[in-house]
Amino acid sequence: MTKHPRRRSPFPFACVLVALALGACDGEEPSPTDGGVEPDAASPPPTYALRAPVEVHRDSMGMVHIYAENDEDLFYGSGYMQAVDRLLAMDLTRRRAVGRRAEVLGERYVDDDQLVRVVGLERWGRAGAELMREEHPDEYALMVAWTAGVNARIEEVLAGEAPVPYGFGPDELDYDPEPWAVADAFVVAKLVLFGNANQLEFDLLATVMRDLLPDTFAAVPLMQPLVDAYVLTPEERPGSASEPVRAAPPAHPRPTLPPGAADGLRRLFDLVPEPTARFSSNNWAVDGRHTADGRPLLAGDPHQPLRSPGVFWMQHMNSADAGGRFDVAGFSFVGTPTVQLGHNRHVAWTATTSYPDISDVWEVRANAASVNVGGEQVTLETHEEVIEVRGGEPVTFTVEEVPGHGVLLPEGILPVPVAGAGRRLLFNWVGFRATQEAHSFLGFDTAASLEEWETAVDGMEIGCFNFIAASADGISYRSSMLVPDRGPGATERQHWTMLDGDDPETYWSDAFLSPDLLPRSRGEARGFLLSANNDPYGFVADGTTEGDPFYFGVFFDPGTRAARIEAELTRLTERGAVTPEDMEALQGDTHSVIADRLLPVVEEAWAAVPTDDALAPYRDREDLETLATLLTTDWDRRMDRDSAGALAFDVFTFMVTREALADDFTLLFETILGEEPIFMVKWAALALRGELAASGDVLQEGRDPIVLAALDATATFLTNRFGGVDPAGYAWGDHHGTLFRGLFDGAEAIGWIPTDGGLGTVDKSPASLFADDGTAVERLESTGGPVYRMVTGFGEDGVPQARFNVASGASGDPSSEHFDDTTEDWVEGRYEPLRFTRADVEADATESLTLEPASADGG
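Okay, so the sequence shown: first residue is 0 according to numbering that gives the first Met the number 0, each after it adds one.
Worth flagging that the hints you see were computed from the coordinates, not collected in a lab.
Note that CB positions come from ideal geometry on N, CA and C, so glycine has one too.
Some clues are possibly wrong.
[Said to hold, decoys possible] Using C-beta positions, here's what the derived DEER-type ranges look like:
id: 1; residue 1: D641; residue 2: D320; range: 26 to 32 Å
id: 2; residue 1: T628; residue 2: R570; range: 26 to 32 Å
id: 3; residue 1: E580; residue 2: G159; range: 49 to 55 Å
id: 4; residue 1: T836; residue 2: V163; range: 52 to 58 Å
id: 5; residue 1: D210; residue 2: R618; range: 41 to 47 Å
id: 6; residue 1: G689; residue 2: L516; range: 32 to 38 Å
Throw the hints in and build the complete structure from the sequences for me.
The following block contains the structure:
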């Protein structure tokens, strides 16, 4: 074992770290409360010292396993080891959460910093820390210990006792890491939760369409899914969606947009913090009645931006062997304590993002002193903020809060001006309050049963997740969060667009949907549960909120992944004896449901060529015959790297989407397609299949001419890029791959790797064919996907047994053997056991160390 003593440092904040052990700091007596909790959650670094040795093993996957004799020491060790592996990522994530990235990354981050400060993530994160300190002091003590562990590593770096981590060096970003306050992890969590499920950019996108493209907005329902696949079974839903009742669409002239609208919308999507890859995660569970061993199986693959290092850090925390509360392994968002996704000795759980409507935007009348909120004049509370800019001048701006109703957004955030002089945008989010997601995650980590785990989920307030869990006794789906109850008229209003600030009926305060209306299930009806960012209730099935029993939200995944998973789970459970290998295969499934929806249209259109004179230009075209045969007959509809059909179909999908919709969306087409391609492809597919009330109006050129024009454009693309349409000359992996970006423009970027999957597949790997200027890109660069894939079963003793792969390695240092050592297994879909028993951990350990308490003399 390596001895790891605590040492003095000449840096002032380091003295605070060892104050409990040494008794004094710069001649002043420390005054901690019991357990090392400082009196103010926003104060400088905490005071906590180890009470006993902490043992750490690193396994062959790079995952750390931490063993401590008490819970506080365990969290200290966790904080220390996360800082060892990921200090740069932790620091940059914290800087993003508090709006300080421009200090080290330069002017291009000023707008991002400004928006983060306007919405006050730091303020509300600190309020959450203070709430935990008051209501759960024992848990807050764990946060204190975790923070002290982080700072202990920073102390060593600054004292020259540990290597300067990658990114901080003089040839890189060249700055020193700063100590952490306890509240910082709460602020980072606030960033994750804000970016995970807020609908700001989608509300404003819908508003731009409503106001600038009114005919397109009327003809193309934003929320209608492509496939009817919903989380809850019909008998579990609190009501069914109404049949679509739409007025005849208006005349559909080709719209025009004011200059700069497309660039403004693109800037909006780039500006809003979004740490998660939207519309991508999958999770499901199969009850023991259908499995080979009679015990449940759980599968989860949360999709995030794929970068190096990754957004998650792997760890195993064990104090239970010494009588503590924790024995839990899995994944933590970098910059936060606890295991957010994983398993303990009794329960395993995973999550996808749910998309309830938890925020609103109003166009309000405002002056320098007050805002008209539904007829009431509310006095603004303002303060100045200064953003320091590396290589530039500081930027000063004013934050304007409307007490009880949110904040005024910076002028210019909407791609087009709001109507009328003196009008501003007011934004409200349920997260503008102190919340206790950390308390819930600690409840997950220590839950001894499904019932205890469900209680922890129900404590969520802004954690908008579809959680699915399993124990040896059963399975559970639970989604709990604060969803505003907008009143009896809510389903008739378009709360998913910008609202009229003069209408008092559009505002909400602290009235939320009752818990019995929120989605939950034990899977009794089918013996399995699944979610894939799709609508829990089926309310959006008709493309409108009107007639639904209550308003929940509208911007859900269009159902392709959920439909495929549901079909496969139905097949597997009917067959019986479902195995972990079946679950692993389903996580890697690349079958295209979009192809299932579009290829019959291609087949019909191609069959019409000999007899339809409107299609005469496409007759006697061997290249089109080759493509039509490849797509409709020879291809297996799987988006695999070695598949020519996958490449041809993806190109066709984007070409037919452009042929069908580009003239309807004009300059917004490439922006929306680039940011959320599944939306635009969904609308095109619905129109081509005649499943929109206005399909004929949208497809003014006629369906078959549009399909053949797209097939012709596909042939042109393949000929220009690969020399012809012969399937022997190209494959999906020649053009499509995953791009692992770094934290900054440095060596930590893994780069581009050919990968399986595509748009809307279970193993999703989306990328747009078109650049912002409408030209085809040289190669497809998917930047999001499954950060990890994990399948968990249960042993005869009821303890979870997990297998997993992970997209990038444990370390943030490109020189480390664990920087990207797991990436190849992730690409190939190979799974390794998550080592959990002490015997397995020690047998696989490649490195071990011991963190020792400080001695009385500071040595």
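Evaluated hints:
Between D641 and D320, the C-beta spacing of about 47 Å breaks the proposed range 26 to 32 Å. Hint check: T628 to R570, Cβ distance near 28 Å, so the stated range 26 to 32 Å holds. The hinted range of 49 to 55 Å is satisfied by E580 and G159, whose Cβ atoms lie roughly 50 Å apart. Between T836 and V163 the CB atoms are about 36 Å apart, so this pair departs from the stated range of 52 to 58 Å.
Taken as a hint, the range 41 to 47 Å holds for the pair D210 and R618, whose Cβ atoms sit roughly 44 Å apart. Evaluation of the 32 to 38 Å hint for G689 and L516 yields a pass: the beta carbon distance comes to about 34 Å.
In summary, the numbered hints that this structure violates are 1 and 4.
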